[in-house]
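Undergrad: Now for the letters of each chain:
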Amino acid sequence: MKRIRRLSAALTLSGVMGTVAPVAALAASVITISGATASAPLVTLLAQKYVKTHPHQVKFKIAQGGTNVGIADVAAGRVSMADVSRDPLPSDPSGLVFNPIARYFVCVVTNRSNPLANLTEAQAQAIFTGKVREWGQVPGSSAHGTIDLVSRTSAAGVLTTFQTLLLGNKSVSQVASQEPSEGLLQQKVQSDPNAIGFLSDYFALKGVNPVGFNGVGCSLANAESGQYPGVAHFYEVTRGPASGAAKAFIGWIQASPVARKIITSAWLPLH
Amino acid sequence: MLERLRHPWSDRRAELVLGAVACSVAGAIALMIAFVAVGAWPTFAHNGLSWLGAGGNPETQIGNMLHTGPHPPAVAYHLRAWPLIYGTLLTAGLALVFGLAFALLAAVFLVEFAPAAVRRVLSPVVRLLAGVPSVIYGLLGVLVLAPFVGNHVISPAEKRSVQYVVQLDGTGLAVAVVVLTVMITPIMVALIADALSEVPAAWREGAVALGVNPLRATLAVSLRAIRPAIVAAGAFACARAVGEAVMLAMVSGSDAFSPKPWDGVPFLFEPLLTLAASIFRNAEGLSAPAVRSSVDAFALLLLFSAFVLSLGSYLVKLPLRRHHAGLR
Amino acid sequence: MNAFPEALPVKAPRPRRSSLRSWRWGDRLFYVLAWASGLALCLIAGALVLYMLVRGLQYVSPSLIFSRPRAEVNQAQIGGFLDPLLGTLLLVAIGVVLATPVGVASAVWIVEYGQGRVGRRLARVVESSVEIVAGTPDIVIAIFALTLFQLGAFSFLSFTASGGGVYGRSFLTAGAAISLLAIPPVFLATRDGLEALPGHQREGAFALGKTRVATIRRVLLPGVRPNIATGVTLGMGRIIGDTAIVFLLLGVGASERIEPQSGPAGLNVLRGTGSTLTSYIYSNSPAGEGAAPQKAYAAAFVLLAMVLALNAAAGFISGRGRSGRMSFGDRVRYGAWA
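Protein chains in written order, with my numbering: chain A, 241 to 511; chain B, 182 to 509; chain C, 187 to 524.
What the hints contain is simulated information worked out from the structure, not anything from laboratory work. Even glycine gets a Cβ: it sits at the ideal position worked out from N, Cα and C. Fair warning: there could be bad hints in the mix.
Stated by the list, open to error - Here are the in silico distance ranges between beta carbons for each label pair:
| id | chain 1 | residue 1 | chain 2 | residue 2 | range |
| --- | --- | --- | --- | --- | --- |
| 1 | C | A491 | B | L492 | 34 to 44 angstroms |
| 2 | B | F329 | C | Q244 | 17 to 27 angstroms |
| 3 | B | H333 | A | P497 | 48 to 58 angstroms |
| 4 | A | S431 | C | A226 | 24 to 34 angstroms |
| 5 | B | S336 | A | S353 | 18 to 28 angstroms |
| 6 | B | L492 | C | A495 | 29 to 39 angstroms |
| 7 | C | A451 | B | L492 | 40 to 50 angstroms |
Unchecked claim - Subject to a maximum C-alpha distance of 25 angstroms in a straight line, what follows is the list of computed SDA-like cross-link-like pairs (lysine to any residue):
| id | chain 1 | residue 1 | chain 2 | residue 2 |
| --- | --- | --- | --- | --- |
| 8 | A | K371 | A | Q414 |
| 9 | A | K428 | B | G331 |
| 10 | A | K428 | B | V359 |
| 11 | A | K289 | A | S505 |
| 12 | A | K242 | C | A400 |
| 13 | A | K487 | C | V352 |
| 14 | A | K242 | B | S191 |
| 15 | A | K428 | C | P479 |
| 16 | A | K242 | C | T397 |
| 17 | A | K242 | C | F502 |
| 18 | A | K428 | B | N238 |
| 19 | C | K396 | B | W190 |
| 20 | B | K498 | C | I318 |
| 21 | A | K428 | B | P328 |
| 22 | A | K487 | C | S341 |
| 23 | A | K410 | B | N238 |
| 24 | A | K371 | B | Y345 |
| 25 | A | K242 | C | I503 |
| 26 | B | K498 | C | T397 |
| 27 | A | K242 | B | V198 |
Here chain A stands alone, though its shape is the one from the complex (with noise of 0.2 angstroms):
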């Protein structure tokens, strides 16, 4: 009777395991990514196309957290390299190397029901410092009320680029709500039109409203050609010089046409 007992419940939860447990993968390496929310996209197709193109070789598992803690990770060599939306900083840890593998631009974003078609420097200045704290003072919009201010918190590679491109090195101010990831930053503008926060581009141009900047209208053309000045760099980091798995995934990502078909799906090449 126990028996029984014994190899029904050691039958019933192989069974169980069995129905998600594809068959047992060969050896393969794998490659831990954590870090920046505005990447993860971007290197989750990436590294699905990696994975269907080199079988067998390498499995990912891609978290996210924001940029800082991709490099607090992969400094600590909790992680095989980092996402990482902004460029390296003198305060962060030495001997990390900084793999360029595409390009991205932030974007001012307002609620759909808020069409603001363009601020200047002075008003965005103005509006993310805190300053400005009516929709009533900003012309061109049609909310009303206090302006709810979005914006991510220090982890966030995004929140520098967006800092040092846009709002001509000053910080956004302590007033604003600190979101954690991209989405849940769109989440916030979409559901609230007094909202104003600022994006990269694949999160900014769908269910919120892009706002120009000083009069450049914020889409993939105007930052192809140049004329939007937010663009900056997607990076890989790594602790030393890439080596093994990771240095391939690189490469391929860094040459491999297929590659550079998804980044420009969306995003920018390099070059």
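With chain A held as given, fit chains B and C onto it using these hints.
TA: Just chains B and C, lined up with the frame of chain A:
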């Protein structure tokens, strides 16, 4: 080999093996306390007593620790955790006060006044509510309560009055306290109602026989008699409220701001962050030693508070035990 | 002397319910407040249950339950939660498998062997640590387990990535951490059951010449089987409802699907990552990335159904046991309020 194991064991061997298993539990707990305490030491060493003080936004300070690398300089450990401690005390304290008052009254209702049919339905429902996972409370809070408060309760004037300091959007103190109260009250109701129904009927009937009205008899006799159970219920609910991480991370606004009572009505809607919710939000950054040390310090504080709560409830019940020999 | 005239015995007058008018003001206020609280409790409880029921039934469908999550752009429409559901079941299985022997063995040791000067002191230490575990917030256990299992010595439980970092997140590590939550209910239920067993059972067995071990195995343990079952059920309830440990140790955000590592079939799933219903609900709420509240409601409905079923099972099992229906206070003392 299995055959050898199946042969009858000697008492000595069984005692040793079972004792080893039992002590491994104690060992695991000791290991946990040691891990957390040793991990928390650097941040206390670098900040001293002002770690408990106020000065800036702790979430920003932790965020700045992230890219300091594997060997952070001493300044990287800078942290002033008072807003988090204040947030924890505020939400848990308010939820406990409201919850205990509500639970006492509802338990008295359940035992005294509820018609039998209502009691039959309500008792299992209360037990069910006590077992609902906290993420579901958080889901209802963030999908139903927070948008309602943000769109229909907070007025633009109130938002404007604090707009240079903080943004109000619905998630904040009020929603957090309401959801936390709803979360911890069913446990207290069930505990107190059970304890009330265990009071010997003779005690109450004696009071009624002396001419006291039934409600006063319950209050004067039964409630006094179950004071240990009330303390236990309160301590238990408080421990749950203090340790609640996920639900509060969803509905409390997640901004390590200290709500200011002198702001008036906006005080109710200001965002905050508690120790447990902060641990939850910063769990991805543990590779940075400074972050890990700060998070361990929060965990140590939570452990300490759980310990203090159970010790406190034990001490409070001690003098009561003399008078209530028969009741737990 | 009889002060009263002879009279036929009269039925005792039925006590008149004292009218509210004769009460003090404070009592009247309390009466009103008690009724108000009771009604409020009914309303809130009813509203919660009904709302979850309505929303859940609105969104739950067999296709959701039995299809796997898909990472698509249009999150709201596509994919189900089969993987999180299986993840919950797997985690419960691991947690129970780890917690039951430890809890039962510890309880047996404390009751049967914890005598003598050293034994009794050790027994107090073990009991205190179980109480500490029962009172620890689950987020603290999660942080401890995460830092512990990211040490190199434990890399066999998850996997090591190129670059040297032990990942530390897998079903095994999450299961090990979550079993700590289930140990207090099993331990306390077993201990109470063993202490409630009449002494003559043991004495009879000893008189017949059986060793203590044999007595435990053949007489006592079968006797406390309902208690063990109740404790395990309560522990399962706690495991199912936990989010923090799952979040930190199963790697949400990476993926909602069960992703096995390399290795022999079975072990590869255990060492791999996945999600459970609780982390799935969190991810699909506005606090997470999913922005698919319908799926969150559906998953919450299924989760509530499981909790309800476990509740009923625990009550049923404890009702059949020797000690009769377990009071809620006992449940709470076991560290499992479900």
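Undergrad: Measure nothing beyond the straight line between the CA atoms of A/K428 and B/V359; if it is 25 angstroms or shorter, mark the hint as holding.
TA: holds, 23 angstroms
Undergrad: Given the hint that A/K289 pairs with A/S505, does the C-alpha gap stay at or below 25 angstroms?
TA: holds, 14 angstroms
Undergrad: For the hint 18 to 28 angstroms, verify it against the beta carbon of B/S336 and that of A/S353.
TA: With a Cβ separation near 20 angstroms, B/S336 and A/S353 satisfy 18 to 28 angstroms, so the hint holds.
Undergrad: Should the hint that B/F329 and C/Q244 are 17 to 27 angstroms apart at their CB atoms be regarded as holding?
TA: Since B/F329 and C/Q244 have Cβ atoms about 19 angstroms apart, the given range 17 to 27 angstroms holds.
Undergrad: Take the C-alpha atoms of A/K428 and C/P479, compute the straight-line distance between them, and say whether it is at most 25 angstroms.
TA: Answer holds: A/K428 to C/P479 is near 15 angstroms, not above 25 angstroms.
Undergrad: Evaluate the given range 40 to 50 angstroms for the C-beta pair formed by C/A451 and B/L492.
TA: holds, 49 angstroms
Undergrad: Between A/S431 and C/A226, does the beta-carbon spacing fit 24 to 34 angstroms?
TA: holds, 31 angstroms
Undergrad: So if I understand the rule, the pair passes when the alpha-carbon distance is 25 angstroms or less; does C/K396 with B/W190 pass?
TA: Status holds; Cα separation ~12 angstroms.
Undergrad: Compare the distance between the alpha carbons of A/K428 and B/N238 with 25 angstroms, and conclude whether the hinted pair is satisfied.
TA: holds, 22 angstroms
Undergrad: A/K242 and B/S191: Cα distance at most 25 angstroms?
TA: holds, 23 angstroms
Undergrad: So if I understand the rule, the pair passes when the alpha-carbon distance is 25 angstroms or less; does A/K242 with C/F502 pass?
TA: Cα-Cα ~23 angstroms, so holds.
Undergrad: Holds or violated: are the alpha carbons of B/K498 and C/T397 at most 25 angstroms from each other?
TA: violated, 41 angstroms
Comparing the model with each earlier hint shows a violation of hint 26 alone; every other hint is respected.
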